[in-house]
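*Asks:* So the chains spell out like this:
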Amino acid sequence: MQYYRHAVDGRPGFDRMAKIPKYTYPNLRGFSSFRRCSILVLALACLLVWACLVGCGQKKSSENICIAGSTSVQPFAEKLAEEYMREHPRMRIDIQGGGSSAGVLAAQQGVADLGASSRELTPEEKKLQEIPIAYDGIAIIVNKVNPLNNLSLEQIRQIFQAKITNWSAFGQAPHPIHVITREEGSGTRNAFEELVMGEHAEISPVALVQDSNGSVREIVANDPYAMGYISMGLVDPRVKAVAVDGVPPTRQTVKSGKYKLVRRFLLVAKELQPGPCNAFVNYILSPEGQSLLESEGLVGVGD
Amino acid sequence: MKKELFIERVLFFLALSSIGSLLLITVFIFLEGVPLIAHTGLDNFLFSSHWAPTRGHFGILAMIISSVFVTLGAMVLGVPLGLACAIVLAEFSPQPVKTVLKPTLELLAGIPSVVYGFLGVVWLVPLIRDYLGGPGLSLLAAAVILGIMILPTVISISIDALSAVPDLYRDGSIALGATNWQTVRRVVLPAASSGIITAVILGMGRAIGETMAVIMVAGNALKIPTSILDPVRTLTSNIALELAYATGRHREALFATGIVLFIIIMILNLTATVITRRR
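Taken in sequence, the protein lines are chains S and F. FYI, the numbering for the first sequence is 1 to 303, going by my numbering. FYI, the numbering for the second sequence is 1001 to 1279, going by my numbering.
Excised from the complex, chain S in its bound form (with noise of 0.2 Å):
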């Protein structure tokens, strides 16, 4: 710094100095300032327009249904609206996802007809009218190669409580347990600690954290020293559920009430009213549609 200071700066009438080019802050994208900020401009005027065009609750025309929640119960939701809207075709029915307490909002709120909910309602919710409409298993999964078949209740929560932390505890060979579980708020999760964890114990902080069933999976997949829990209907051949005080998951034991990690999808509403709401939900109940929610893998509810 010095050394070019004196050498440059110190020679009087030294006229090239004029031509230094003066550092200046770099523009990154290569946009002028104008046209970065009406680009701005510009996309926030097209989400407006998307967002009163697509808009749940905007058009409630009488064909429309909205059905907003739960991120686990909305692959079924769709399957069940696509075959509905295949026989009803003058029927539209927007399922989104946003998660159990979001879906449970916006039923309370009425921007969606119904909500999707994975978890129970709590009292405060309780002044909303739910329609269960299928029991889904949750399962404990580990890779393909454990030959881990059976856990206890007790002993699930004590590796997700990371006091068991190794392999050996199960006569494996010594490697520590790779816990997966899902995020806060999540329903599966919800569900999970309503089911395993009780009022007290809670999900150790080393636990693996992922925001959904599909990459807890992907992950039991491909770690042999993993473990988690998923929604049983998306266990795939990839990974093993193992038995739960030697009860396995199967659609009988769930149905039986013999398998324990069971917990309910809910549909909820402010108030069923006879109308295109009413009609899907009785759709759903019917045997058409239990069997469709059978064939995805849940339980349904009747018997």
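Some chain S residues judged to face chain F by a derived CB distance under 7 Å, without partners named:
no., residue
1, E183
2, E184
3, L208
4, V209
These stretches of chain S come out as covered by chain F in the derived footprint (C-beta under 8 Å, 3 or more residues):
no., region
5, 95-107
6, 219-230
Rather than coming from a laboratory, the hints here were simulated on the basis of the structure. Yeah, the Cβ is synthetic: ideal placement off N, Cα and C, and Gly gets one too.
Got chain S sorted already, so can you dock chain F onto it with the hints?
*Replies:* Chain F only, in chain S's frame:
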């Protein structure tokens, strides 16, 4: 003339609206987040690492520490590499090489972060799991991916800074008998230092703000990391992971996380601006 005035007004309005929306976002974040900080107390919020929002614990210390370490890791990997690349391109490459390589490197910036994350999950994470141990999803994985992601920022701003150094300096140095490398190290680099520091700080801003790729490869565990193979959750991933489901206090807590992030990035950007202006 009237038309001119009209256009001027329109432009003025457009400019205002972009600043306005920025201001609105800031106000909104603070309105949503401050009540929670007031509720839990600033020290409980910043200096506790117990995060269980549905049970009423809102400590984000582990995430602040993780964010810092992931960012530092990215810096350690990305800055030397980026700077070296910038020096080669700006000082030692013939013009044709420069005209081909620089835009190519800038193209790297256009790759969506989810693609980096996906590459990380498919390629980097199994490598770490198999050869270094741990679950693979880790601080190291996040740092490596971010280190690559900040390269374009660091390189392109550093090149601009280096080429802004007048050739007079180089000529003077060479005339005094210095070699090319001595010239670069003793003359050009010190002269461009403020621009290079700006590059590093803006790269840091990019790293600390990155979300998608980090969620995919960092493992998102809530523990304060004790090794680079531990899974970590950064401030940004915390917001993105949980926002979809959050209501009530939980939602406020996520906005409060946003405030902390906002302040950190503000400080970084301000530092960059001050350093650039000082020259």
